[in-house]
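Starting from the structure of chain A, add chain B where the hints point.
Residue numbers (my numbering), protein chains in the order written: chain A, -18 to 91; chain B, 29 to 146.
Some hints here could point you the wrong way.
[As the list claims (entries may be wrong)] Pairs of lysine-lysine residues, derived as DSSO-like cross-links and limited to a Cα-Cα distance of at most 30 Å, are as follows:
no., chain 1, residue 1, chain 2, residue 2
1, A, LYS22, A, LYS34
2, B, LYS97, B, LYS77
3, B, LYS77, A, LYS(-10)
4, A, LYS34, A, LYS19
5, A, LYS0, A, LYS34
6, B, LYS50, A, LYS22
7, A, LYS0, B, LYS77
8, B, LYS77, A, LYS3
9, B, LYS105, A, LYS19
10, A, LYS22, B, LYS145
11, B, LYS105, A, LYS17
12, A, LYS22, B, LYS97
13, B, LYS105, A, LYS22
14, A, LYS34, B, LYS145
15, B, LYS97, B, LYS50
16, A, LYS(-1), A, LYS17
17, A, LYS(-1), B, LYS97
18, A, LYS21, B, LYS50
19, A, LYS19, B, LYS77
20, A, LYS(-10), A, LYS3
21, A, LYS22, A, LYS0
22, B, LYS97, A, LYS21
23, A, LYS21, B, LYS77
24, B, LYS105, A, LYS21
25, B, LYS50, A, LYS17
26, B, LYS86, A, LYS21
27, A, LYS17, A, LYS0
28, B, LYS86, B, LYS50
29, A, LYS34, B, LYS77
30, B, LYS50, A, LYS19
31, A, LYS3, A, LYS19
32, B, LYS86, A, LYS22
33, A, LYS3, A, LYS21
34, A, LYS(-1), A, LYS34
35, A, LYS0, B, LYS105
36, A, LYS34, A, LYS3
Bear in mind the hints are in silico, worked out from the structure with no lab data behind them. Remember, it's a predicted structure, so these values are computed and weren't measured experimentally.
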Amino acid sequence: DTEVTQTPKHLVMGMTNKKSLKCEQHMGHRAMYWYKQKAKKPPELMFVYSYEKLSINESVPSRFSPECPNSSLLNLHLHALQPEDSALYLCASSRDREQFFGPGTRLTVL
Amino acid sequence: AQSVAQPEDQVNVAEGNPLTVKCTYSVSGNPYLFWYVQYPNRGLQFLLKYITGDNLVKGSYGFEAEFNKSQTSFHLKKPSALVSDSALYFCAVRDITKNNNAGNMLTFGGGTRLMVKP
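Just chain A, same shape as in the assembly:
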């Protein structure tokens, strides 16, 4: 298995909802990443997990809460989001050099 999967593909939520994004990889990679990407812009790093521990938090608001239950899974819990949080959320993983990206979750906050 040489891919990163993400669910759901699309998510529409209200500002009072709680939802979660999921990411999975079975390549044995020990680093996993969450990115936020606005249209026609490069991905912006949000969080990095290294060996299942949070190693980097790029000053992300607390309404985004990451979780790494095991070496293959990465979640992003969402609560009380704002319309400006609407974006494509990308998960990636890496072992050494290049990062491998999932297809993303298109999030719309109403």
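Frame of chain A, contents of chain B only:
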């Protein structure tokens, strides 16, 4: 500081013609350089990388890139463009200012939209 610049927001080329997407970098130490492609509403797909060795790197889908240390450039090239190559292309460099024991942090360029017309 690590940085990557893609000076062109958009590149237009006719199908069958050669294409070049430009990238310049500024890093401390030896650069690890990458090219990714993104199709609409999709994640980033890895195309190729330069770590060390030959300056001409061959990658997926017939793309190649030339590492030029004196010009600090890593331009993406393809001898004959296809309409299906139309996408958003990102150059990236390993960011050594961030510590990550299990992988590489990346700093991305702003992206270049490639439009290949029939």
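Right, here's what the structure says about each hint:
| no. | hint | in the structure |
| --- | --- | --- |
| 1 | A/LYS22 with A/LYS34 | holds (28 Å) |
| 2 | B/LYS97 with B/LYS77 | holds (15 Å) |
| 3 | B/LYS77 with A/LYS(-10) | holds (28 Å) |
| 4 | A/LYS34 with A/LYS19 | holds (27 Å) |
| 5 | A/LYS0 with A/LYS34 | holds (22 Å) |
| 6 | B/LYS50 with A/LYS22 | holds (17 Å) |
| 7 | A/LYS0 with B/LYS77 | violated (36 Å) |
| 8 | B/LYS77 with A/LYS3 | holds (28 Å) |
| 9 | B/LYS105 with A/LYS19 | holds (26 Å) |
| 10 | A/LYS22 with B/LYS145 | holds (23 Å) |
| 11 | B/LYS105 with A/LYS17 | holds (28 Å) |
| 12 | A/LYS22 with B/LYS97 | holds (27 Å) |
| 13 | B/LYS105 with A/LYS22 | holds (22 Å) |
| 14 | A/LYS34 with B/LYS145 | violated (46 Å) |
| 15 | B/LYS97 with B/LYS50 | holds (14 Å) |
| 16 | A/LYS(-1) with A/LYS17 | holds (18 Å) |
| 17 | A/LYS(-1) with B/LYS97 | violated (49 Å) |
| 18 | A/LYS21 with B/LYS50 | holds (17 Å) |
| 19 | A/LYS19 with B/LYS77 | holds (25 Å) |
| 20 | A/LYS(-10) with A/LYS3 | holds (10 Å) |
| 21 | A/LYS22 with A/LYS0 | holds (25 Å) |
| 22 | B/LYS97 with A/LYS21 | holds (29 Å) |
| 23 | A/LYS21 with B/LYS77 | holds (22 Å) |
| 24 | B/LYS105 with A/LYS21 | holds (21 Å) |
| 25 | B/LYS50 with A/LYS17 | holds (24 Å) |
| 26 | B/LYS86 with A/LYS21 | holds (26 Å) |
| 27 | A/LYS17 with A/LYS0 | holds (16 Å) |
| 28 | B/LYS86 with B/LYS50 | holds (16 Å) |
| 29 | A/LYS34 with B/LYS77 | holds (27 Å) |
| 30 | B/LYS50 with A/LYS19 | holds (22 Å) |
| 31 | A/LYS3 with A/LYS19 | holds (19 Å) |
| 32 | B/LYS86 with A/LYS22 | holds (26 Å) |
| 33 | A/LYS3 with A/LYS21 | holds (23 Å) |
| 34 | A/LYS(-1) with A/LYS34 | holds (23 Å) |
| 35 | A/LYS0 with B/LYS105 | violated (42 Å) |
| 36 | A/LYS34 with A/LYS3 | holds (17 Å) |
Comparing the model with each numbered hint stated earlier shows that hints 7, 14, 17 and 35 do not hold.
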